[in-house]
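Sequences and hints are given; from them, build the entire structure.
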Amino acid sequence: MKKVINKAISKYQPFTQIELEGRAWPEKTISKAPIWCSVDLRDGNQALIEPMGEEKKLRMFKLLLEIGFKEIEVGFPAASQTDFDFVRKIIEEGLVPDDVFIQVLTQSRKEL
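Okay, so the sequence shown: first residue is 1 according to our numbering, each after it adds one.
Everything labelled a hint here was simulated from the structure, so no lab data went into it.
Cβ coordinates follow ideal geometry from the N, Cα and C atoms, glycine included.
Some hints here could point you the wrong way.
[Said to hold, decoys possible] Below, in silico cross-link-like pairs of lysine-lysine (BS3-like), each with a Cα-Cα straight-line distance of 27 Å or less:
id : residue 1 : residue 2
1  : Lys-110   : Lys-89
2  : Lys-28    : Lys-70
3  : Lys-11    : Lys-70
4  : Lys-11    : Lys-28
5  : Lys-89    : Lys-56
6  : Lys-56    : Lys-70
[As the list claims (entries may be wrong)] If you anchor each label on the Cβ, the simulated ranges turn out as follows:
id : residue 1 : residue 2 : range
7  : Glu-19    : Ile-67    : 34 to 42 Å
8  : Val-104   : Ser-10    : 34 to 42 Å
9  : Glu-93    : Glu-50    : 20 to 28 Å
10 : Thr-106   : Glu-27    : 35 to 43 Å
11 : Val-104   : Thr-16    : 37 to 45 Å
Have a look at this one:
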């Protein structure tokens, strides 16, 4: 997997800078890879005709870790018992590595 990633890094070159007076961002060049956040366990799962159960979500979570994701949106625990149970499982069983950040989607209501 590392070989493929290293190949991709050298494949893309930065865009030519654009000088626009009073604007800072067009002159900036990205010098390192962005931090990607996978939403496959939440948004991707909601898009499926038959959403993943806890076992499939756990396999997918482990695959995302293996690929190297450091930020993972793990679910919408207020929307389904499956998501709630999955989020509790990965937290309570210590399955989230120290260098990985998880996030969830939920409504902004006190009772949730």
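Can you give the numbers of the hints that this structure goes against, from lowest to highest? The structure conflicts with no hint, since it agrees with every one listed earlier.
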